[in-house]
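Please put together the full structure from these sequences, using the hints given.
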Amino acid sequence: MHSESSRAAYRERFKCGFEQAREIFDPCLNAALEQLDTPEAIDDFLQGASLLCMMGQGVEPVMVYLEEAPATAAVTSENMLEELANYGYRLATNTNAGAVVPFLQSMLGIARRLESEDGMRAFLDLGLEVMRETTPSIHGHHAIHPSPVLDAFFETAPRVLAQLTLSGLANWARFGVRAHAGDPDAQRAYFCLESVDSRTVLQRERHGTLLADNERRLGCYLRALWGEDRPLVPYPTLDPDTTQSPYFDDHGLRLPDVFDDRNGVPGIDRYRGLLAHMMGHLEWSGTIVADNYSPMQRLAMAVFEDARVEYLAMARYPGLRRLYRALHPRVAEDACDPGRQSCVNHRLMMLSFALLEPRDHGYADPAIIEFSRRFHERMAQGGTQTADMVELGVAFMARSRRPSDAFAEVWFPSKTVAFRDDNRHLWRFIEEGDEEELFDREAGPADTEAPEPDPALPPRLYPEWDAGARLYRPDWVSVFDSLHPAGRAEHVDRLLEKHQGLVRQIEQVVDLLKPQNRERVRYQEEGAELDLDVAIRSMIDQRCGAEPDPRINMSHRHAERDISVSLLVDLSASIAERPEGAGQSILELSQEAVSLLAQAVEALGDPLSIAGFDSNTRHEVRYRHIKGFDEHWGPEVKARVAAMEAGMSTRMGAALRHAGHFLSHRDSDKRLLLVLTDGEPHDVDVHDPQRLIADAREAVRELAAGGIVTWCINLDLHADDYVSDIFGHQYTIVDRVQRLPEALPRLFMQLTG
Amino acid sequence: MSERFDVEQYRVTEEPFYQAQDDEIEAFETAYRARMPVMVKGPTGCGKSRFVEYMAWKLDRPLITVACNEDMTAADLVGRFLLDADGTRWVDGPLTQAARSGAICYLDEVVEARQDTTVVIHPLTDHRRNLPLDKKGELVEAHPDFQLVISYNPGYQSLMKDLKQSTKQRFAGFDFDYPDARTETEILVGETGLAPETAAKLVQIAATARNLKGHGLSEGISTRLLAYAATLIGEGMAPARACHMAMVVPLTDDADIRDTLDHAIDTVFG
Numbered sequence: 000m001h002s003e004s005s006r007a008a009y010r011e012r013f014k015c016g017f018e019q020a021r022e023i024f025d026p027c028l029n030a031a032l033e034q035l036d037t038p039e040a041i042d043d044f045l046q047g048a049s050l051l052c053m054m055g056q057g058v059e060p061v062m063v064y065l066e067e068a069p070a071t072a073a074v075t076s077e078n079m080l081e082e083l084a085n086y087g088y089r090l091a092t093n094t095n096a097g098a099v100v101p102f103l104q105s106m107l108g109i110a111r112r113l114e115s116e117d118g119m120r121a122f123l124d125l126g127l128e129v130m131r132e133t134t135p136s137i138h139g140h141h142a143i144h145p146s147p148v149l150d151a152f153f154e155t156a157p158r159v160l161a162q163l164t165l166s167g168l169a170n171w172a173r174f175g176v177r178a179h180a181g182d183p184d185a186q187r188a189y190f191c192l193e194s195v196d197s198r199t200v201l202q203r204e205r206h207g208t209l210l211a212d213n214e215r216r217l218g219c220y221l222r223a224l225w226g227e228d229r230p231l232v233p234y235p236t237l238d239p240d241t242t243q244s245p246y247f248d249d250h251g252l253r254l255p256d257v258f259d260d261r262n263g264v265p266g267i268d269r270y271r272g273l274l275a276h277m278m279g280h281l282e283w284s285g286t287i288v289a290d291n292y293s294p295m296q297r298l299a300m301a302v303f304e305d306a307r308v309e310y311l312a313m314a315r316y317p318g319l320r321r322l323y324r325a326l327h328p329r330v331a332e333d334a335c336d337p338g339r340q341s342c343v344n345h346r347l348m349m350l351s352f353a354l355l356e357p358r359d360h361g362y363a364d365p366a367i368i369e370f371s372r373r374f375h376e377r378m379a380q381g382g383t384q385t386a387d388m389v390e391l392g393v394a395f396m397a398r399s400r401r402p403s404d405a406f407a408e409v410w411f412p413s414k415t416v417a418f419r420d421d422n423r424h425l426w427r428f429i430e431e432g433d434e435e436e437l438f439d440r441e442a443g444p445a446d447t448e449a450p451e452p453d454p455a456l457p458p459r460l461y462p463e464w465d466a467g468a469r470l471y472r473p474d475w476v477s478v479f480d481s482l483h484p485a486g487r488a489e490h491v492d493r494l495l496e497k498h499q500g501l502v503r504q505i506e507q508v509v510d511l512l513k514p515q516n517r518e519r520v521r522y523q524e525e526g527a528e529l530d531l532d533v534a535i536r537s538m539i540d541q542r543c544g545a546e547p548d549p550r551i552n553m554s555h556r557h558a559e560r561d562i563s564v565s566l567l568v569d570l571s572a573s574i575a576e577r578p579e580g581a582g583q584s585i586l587e588l589s590q591e592a593v594s595l596l597a598q599a600v601e602a603l604g605d606p607l608s609i610a611g612f613d614s615n616t617r618h619e620v621r622y623r624h625i626k627g628f629d630e631h632w633g634p635e636v637k638a639r640v641a642a643m644e645a646g647m648s649t650r651m652g653a654a655l656r657h658a659g660h661f662l663s664h665r666d667s668d669k670r671l672l673l674v675l676t677d678g679e680p681h682d683v684d685v686h687d688p689q690r691l692i693a694d695a696r697e698a699v700r701e702l703a704a705g706g707i708v709t710w711c712i713n714l715d716l717h718a719d720d721y722v723s724d725i726f727g728h729q730y731t732i733v734d735r736v737q738r739l740p741e742a743l744p745r746l747f748m749q750l751t752g
Numbered sequence: 000m001s002e003r004f005d006v007e008q009y010r011v012t013e014e015p016f017y018q019a020q021d022d023e024i025e026a027f028e029t030a031y032r033a034r035m036p037v038m039v040k041g042p043t044g045c046g047k048s049r050f051v052e053y054m055a056w057k058l059d060r061p062l063i064t065v066a067c068n069e070d071m072t073a074a075d076l077v078g079r080f081l082l083d084a085d086g087t088r089w090v091d092g093p094l095t096q097a098a099r100s101g102a103i104c105y106l107d108e109v110v111e112a113r114q115d116t117t118v119v120i121h122p123l124t125d126h127r128r129n130l131p132l133d134k135k136g137e138l139v140e141a142h143p144d145f146q147l148v149i150s151y152n153p154g155y156q157s158l159m160k161d162l163k164q165s166t167k168q169r170f171a172g173f174d175f176d177y178p179d180a181r182t183e184t185e186i187l188v189g190e191t192g193l194a195p196e197t198a199a200k201l202v203q204i205a206a207t208a209r210n211l212k213g214h215g216l217s218e219g220i221s222t223r224l225l226a227y228a229a230t231l232i233g234e235g236m237a238p239a240r241a242c243h244m245a246m247v248v249p250l251t252d253d254a255d256i257r258d259t260l261d262h263a264i265d266t267v268f269g
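First to last, the protein sequences are chains A and B. In this text, residue positions in the first sequence follow numbering that gives the first Met the number 0: the first is 0, and each later residue adds one. In this text, residue positions in the second sequence follow numbering that gives the first Met the number 0: the first is 0, and each later residue adds one.
In case anyone wonders, no lab produced these hints; they're calculated from the structure. Since the structure is predicted, the reported quantities are computational estimates derived from the model, not experimental observations. Mixed in with the good hints, there may be bad ones.
To be verified - Subject to a maximum C-alpha distance of 30 Å in a straight line, what follows is the list of computed BS3-like cross-link-like pairs (lysine-lysine):
hint, chain 1, residue 1, chain 2, residue 2
1, B, K163, B, K212
2, B, K134, B, K167
3, B, K167, B, K40
4, B, K167, B, K57
5, B, K212, A, K669
6, B, K163, A, K669
Structure, rendered in structure tokens:
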């Protein structure tokens, strides 16, 4: 091996004045010599350590490097040794000295997650990107303050990588950089995983099958295969195999929020397997009085009962067998040492597998073999009850008990059977014991104190498009629904009176547009009936030797309108303004226009809904319902129109999505969303107006994909700059605001006529 | 003309396979003895048309079927004038033909026709039992053996598609639904010769889809689609493939539901 002289040579080449570092050098060198293969790597290691020593950031960086760098290189590549040290040096010289130690401390954890040189390099690049984007700079250079988040980024990265791929980490980090640019505190909270946004984005980027994405699919599964309709409630997991078990109670089925694929079984099927197991319990399991049995007996009963419901479920759906077989952990028979450990869990895990696989479990333990056989004989007879499993459980424990079962050191399986719940429904406790059930009881009274009922509906969350990052910010905007307050309906009637001429004009147009239930189409070569007048004329022509007209039939055509319309009115602050040359404010003109439109559409019989919106940051987009699709244009609705008033800002995208949400539930051939606005989207918490414009454009595109036509009526003379960005060609700019009351109904009829 | 009309072509000569679910055969015979108009309600593909065909065979009456649709006019049912070299010529519609010749006239999916079309059947369905041809100026007295049968699917009844009360209340009714699992298995075995175990699995899959009705599916998997799947399996196709082709693809485009049904097929066939 390495002689003392070569060690001395190495020590010579480690140029460092710190006494502390020199003290730990020898053990670190030994570890490095073990983990590194080539002399060049040792060279790199020593040079790297020396570099960090001379950096002027104290002894800590070099200590961490000495301890962790060899292992890091061992799982990635020896080329990284020099690179890691240079990287640390680079951070220090870019005003981010505070991030050097967090970086060096995390590098091993990160390397273990990535396990490749390329991955590590990509991570380092990402770190530089975060540094560049978050370090304050003046005129693009001369960074004088450190990045507020870089240390937090390095500290959090290993934890995030436990759940995300590298590209997921990159998305998560870029989101944080962009979303909170200019707000160091929020940015720091994000990178420390302390903010809600941060966790939401993390959740979005997770690998595996998210319950949230598959709720409907699993709901379909429950309903279709098991005729059940219970809510699915996710609980958070970092690793679904080691934390809480699934369970069900009166409030729903509690499932882990994510399942990774395992042993070739996709996450969605793991959910289904778990649900099948739970449904089996619901259908076939009774309860057992827990007081009568020892905890170990209860464990055994639960294993038999789980196997029983799975047996019955597999009899109904044979495909479950493949799934359970792939997912059930298989412990080695000698995994537990009865000489020093309590092997109850080990035995039960083997039993559980043997019950699932009676033929090829491969275990030699006679008790396991006997009870697997007894279980299957009993199941084959049919008509089993939970009580039969109680019997088997007691007998198995009596047969297989060992003195070592009472040992203090207990063997626990590294993996649990993740498709089983915790069987809490199985037990009935008559006497209060010192079981964990007490926790529930203590928690009871606190739970029963119902919170004050909130009069308002909970907000609906919508994503928002971030054009810079080219991604949706998930659940970004909260939209609150409410009914628009009512005013005096007579006000609207007066408005309509004022426009009597116009009203009459519109009525005439409406009459023309109104579907005539049956329409006769004459002069058809082929039709439903002979048109006798034409036929006789044609016969006369023929007799006279002239060319007869062959179009002697007629048919009927049914003209019907099948269109749902929503009108979305911008109620932001600016509509209170009175434009130059107009005697009324935009708000008043809007009221008139809305009233005229509503009256016309009512006459046509098309379902119309009207809503107003304004916003005050992304946390509060107010969506006020003025008229529902099924409401008539009556005094109540008129009263709401009369009470329309100017609010705050215009976060258009969220309002569009929300209106689209309601429209998409309409069962009409055509769905039209009219947007009446006087300016471009803006909100007080967004500094870049282009972002909300881009978001609104995205929203329009989403609506179009869902079959909803969006049309904008804009009152802003300068709207040309942005309105086509958002709505494409589907907009009308009303140049003279005074003409709005006339223009709106006319436009509607043009669009739908 | 009507003399040249050959009603014999409408006679059901071979016994159609029909598995009774209940006492519907006797009940229909009783209604026929009274020449009472009959309506058969039920979801699509549950055996309504097969039942009517079977009854026509059993009663030995010709069966004239009209598949109703939205564009159908009263003239399509009653008849119309056509032109020929000498002038106009009247041609009876299927309803008139059946009334003259004593056939069973079966209006399939009658709600598809417009309500104003459907009213032409009214005089045939009460004590009058005649059909006025107002264009021609003739009153056709119904043949003593004539009977009117209509069918429709109350499942996709929208507000637009329903019978008028005045039409509904002229019929005695049969309520059909998908048969119970045992009967449906027998039907599949009888209709396609499939092995009973496989047939039972098809029925089990159908049950899962029927659970989803109203939750993304407007109709469950019909017995007809089951028979398709059974036929494909009988022709040698792998069961899972046949089920996907006959029972999933035609049914829906909803990805979640497709996925659930495919999973049900996988898990039932193991």
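Hint-by-hint comparison with the structure:
1. K163(B) with K212(B): holds, 26 Å
2. K134(B) with K167(B): holds, 26 Å
3. K167(B) with K40(B): Answer holds: K167(B) to K40(B) is near 11 Å, not above 30 Å.
4. K167(B) with K57(B): Holds: K167(B) and K57(B) sit about 26 Å apart, inside 30 Å.
5. K212(B) with K669(A): holds, 25 Å
6. K163(B) with K669(A): holds, 27 Å
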